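Take the sequences, apply the hints, and build the full model.
Below, each chain spelled out in residue letters.
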Amino acid sequence: MSAAPVENLAPELALEARRLHVRHPGVDRDVLRDASLKVRAGEILALVGPNGSGKSTLIRALGRDLETRKGDVLVEGDPLSTYPRRRLARRVARLPQDPQTPEGLTVEALVECGRHPHVGAFGRLGPRDQAIVAEALEAVEIADYRTRPLEMLSGGERRRAWIAMAIAQEPRVLLLDEPTSALDLRHQFELLDLLVRLNRERGTTIVLSIHDLEHAAHVADRVAVLSRGRVYDVGPPERVLNEETLLDVFRVESRITEEEGGLTMRILGPGDPIRNF
Amino acid sequence: MNALVWQVRSRAELLFEQPMAWTVVTGLALIAAGALATAQGAVDLSLLQLPASILDVDHPFHGVIWDVRLPRVACGALVGLDLALAGALLQTTVRNPLADPGILGVTAGAGVGALMVILFFPGHGEWVPWAGFLGAVSTIAVLLGLAASKDGQTGALRIVLSGVALQALLFALISLMTYVYADRAPAFTAYVVGSLNGLGWTDVQRMIPPTILGGLAVIAYRRTLNLLLLDDSAASGVGVPVVQARLGAAVVAALLTAAAVSAAGLIGFVGLVVPNAIRLVVGPEHGALLPATALGGAALVIFADLIARTALSPLELPVGALLSMVGGPYFLYLLWKKLP
Amino acid sequence: MSTEATPLPKEFLNWQVALRLFTMTDRNGAPHIGVVPTVTVKRPGAHLGVIQHSIVCGLLPHPRLLESKTNEFRSLYEENIEEGARAVYDVGIQYLLDYYDSSDDFDPGTITSLVPEDCALVDALKAEPKCTLSFNVFATEDPQTIGAPRCQQLDCDVEILSEGPVYDNVWWHNTLFHGMADEHVVLRFKHQRSWDTRFGGIQALRG
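Chains as they are written, first to last, in the numbering used here: chain A, -16 to 260; chain B, 550 to 889; chain C, 100 to 306.
Hints are supplied without guarantee of correctness; some may be wrong.
[Stated by the list, open to error] With the Cβ distance kept under 7 Å, some of the chain A side facing chain C (calculated, not the full set):
#1 R6
#2 V10
#3 S19
#4 R23
#5 S64
#6 E86
#7 R213
#8 V214
#9 Y215
#10 V217
#11 E221
[Said to hold, decoys possible] Quick list of in silico lysine to aspartate or glutamate cross-link-like pairs, EDC-like style, CA-CA up to 20 Å:
#12 B:K886 x A:D61
#13 A:K53 x C:E181
#14 A:K53 x C:D281
#15 C:K109 x C:D203
#16 B:K887 x A:E(-5)
#17 A:K21 x C:E182
#18 C:K229 x C:D254
#19 A:K21 x A:E(-5)
#20 A:K21 x C:D256
#21 B:K886 x A:E(-5)
#22 A:K53 x C:E178
#23 C:K141 x C:D203
#24 C:K141 x C:D256
#25 C:K289 x C:E103
#26 A:K21 x C:E181
I should point out that these hints are in silico values taken from the structure, not numbers from a laboratory. On a predicted model such as this, the values are computed, not experimentally measured, just so you know. We put the beta carbon where it would ideally sit given N, CA and C, even for glycine.
Shown next, in the form of structure tokens:
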């Protein structure tokens, strides 16, 4: 027997975007203009930025949900184009922003979909698959709802069901596009705590786009700020989320203080950018 | 409405632990319909006499039963099975419960293909299902091209309108052919409306290969079909080749439609009524939906043909007309519910 | 049509260079009103027969330096872009602190601007490639550095460029601070003559 493949060596960079130019089909202008980003294995990276800055587009491009016009995306060092569909799905799982749920589909059936990359079109769901599905449901704490149709769940619960499906893929990287949008405050915190737990317990690399800067600072190891289709700055939240950035990118005057456990931001009002960005 | 349905469903689940139970129910319905249909008709038998008439060669009605009734019932079963499955597949492909081979013009496309062989190659009856298949596949290709939208979710209105437009075009073509070849017309009128009249064992034989092919494909790919229920982005996120899968399902639907159309003509609405009704109680999961749909479709057509034959006895209505009378209002109801 | 440019008034050029250095040191690159002239172009059918637009304008390096400056802009961008756009911007500012040193380093007769391809100004210029640039600075925060209030009017012939060394220089300069622009063109204003008036007036006659 030959030696086992070297696949299991965890590379340093889970994902890398290199000089991406992306435009949406039918639109003339690039949404992402020469954006580059390195995602380190095992980290939680938050993408922030004003509307239209390209957060969603970048996350989707990283997950091959969008075509890139120019530039490369590398997954664990290899170009995206070399990944067959199911192999990619075993590495990277996506949670789209507003997934449409077909009527009548149960939570269990949805999470079982997450086993497809491992099981294939013809495979049966064996005991190990069933165990993983059950464990995913437990991890997001909706095991009690497993036979319930998705439309019977609240928004937050439904979001968690989709996350369970992503977990069932056993991915190394989780890409989440605005996972906290349209959730009330408590559920936003619960969801962020869930993501932190997934990261700490399983070592899953997590990339999420998020509107709330304080939440981003609270949950992320590094924050990438996007502005007008480019990555403005990337690094630890305390360094990146500063008053200058809020002025340049978000065009607000603010007072930011670093306290135990995070940053406190007070938005004072509209402001003039420092950099004519 | 949804809450009520869910209550019904949860109670049903208490009684029926597994969705497979519905397959049993529809299977029983099929057997009942088949027995009734074989027994009743221009020549009436009681159900008790049925086994004897089938098995005993000397029974006075043995000939009628074997040469006329049984093949007709068998054809009805296969037609219903094929059309119901085709409807379910099309609904999954276009992600819309308003899809059905009739509405989308696929049966008309199959009809054009079949008619071409009937008219121009009358000696080659065995080609009919395959010509029908070509016609159906071409129709689906045009339809998906017309109706596709950028986000992969085909809007209800768009798909229905595209289908209606195609159907009009194809029916015009059929009318033209019927008119030009009016000397062979009597056979066509029944064909266009859809009828099981005069079908024999050869027709059953011709329908079996495509039905088996389609059925096997459907069984093999049932898990992928479940995944197609998700939107394109989510499905491709778990590694499904979405475009190929949807096309594949559409092609199988075309195959099954062609099989049914080649024997019985342009029967419609089976593919609309049966999958939607079954989905209401079983849910969209294909492993449970498809068997019950297939059996239910078979039962429906057999039963409809029984009524068509006996309701206005001795006049025989074509079964297609009866199904349209039931299916048409149901389609309107679905349309009213689904459109904003 | 390719006319030669008449050299700009030396004093105007010195003023522009000093002003631009001031914007780098004191305003972090944000354009001062002194580098935002109004362009007036003839257009048949328009009110009073002309249209006017404000543009941000730049200076073109002297032909002997053009290619090397363009390459420097480009390498600054390429070397730093993966750190983020802010890093590129800051590095660009640092570079420009030395860039705006002496008016001898710049083309004596040209002013440039990068504008969208698809705008009324470009359409009007395509029909009539001549214009007047009006610089009006009525108040200054820092008379020591950038001098007294002044108005300057320059009549120019205009070239519209989508490629070439001049285009590349302006494009890369812009890319450093605003990211890669697509579907933009470079306007090259070639000075023909100037009408120079300043508050406190007599200097105008002093050539």
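Now for the hints, and whether the structure bears them out:
{"no.": "1", "hint": "R6", "verdict": "violated (9 Å)"}
{"no.": "2", "hint": "V10", "verdict": "violated (12 Å)"}
{"no.": "3", "hint": "S19", "verdict": "holds (4 Å)"}
{"no.": "4", "hint": "R23", "verdict": "violated (14 Å)"}
{"no.": "5", "hint": "S64", "verdict": "violated (21 Å)"}
{"no.": "6", "hint": "E86", "verdict": "violated (43 Å)"}
{"no.": "7", "hint": "R213", "verdict": "holds (4 Å)"}
{"no.": "8", "hint": "V214", "verdict": "holds (5 Å)"}
{"no.": "9", "hint": "Y215", "verdict": "holds (5 Å)"}
{"no.": "10", "hint": "V217", "verdict": "holds (6 Å)"}
{"no.": "11", "hint": "E221", "verdict": "violated (16 Å)"}
{"no.": "12", "hint": "B:K886 x A:D61", "verdict": "violated (49 Å)"}
{"no.": "13", "hint": "A:K53 x C:E181", "verdict": "holds (15 Å)"}
{"no.": "14", "hint": "A:K53 x C:D281", "verdict": "holds (13 Å)"}
{"no.": "15", "hint": "C:K109 x C:D203", "verdict": "holds (10 Å)"}
{"no.": "16", "hint": "B:K887 x A:E(-5)", "verdict": "violated (50 Å)"}
{"no.": "17", "hint": "A:K21 x C:E182", "verdict": "holds (10 Å)"}
{"no.": "18", "hint": "C:K229 x C:D254", "verdict": "holds (8 Å)"}
{"no.": "19", "hint": "A:K21 x A:E(-5)", "verdict": "holds (10 Å)"}
{"no.": "20", "hint": "A:K21 x C:D256", "verdict": "violated (47 Å)"}
{"no.": "21", "hint": "B:K886 x A:E(-5)", "verdict": "violated (53 Å)"}
{"no.": "22", "hint": "A:K53 x C:E178", "verdict": "holds (18 Å)"}
{"no.": "23", "hint": "C:K141 x C:D203", "verdict": "violated (33 Å)"}
{"no.": "24", "hint": "C:K141 x C:D256", "verdict": "holds (12 Å)"}
{"no.": "25", "hint": "C:K289 x C:E103", "verdict": "holds (7 Å)"}
{"no.": "26", "hint": "A:K21 x C:E181", "verdict": "holds (9 Å)"}
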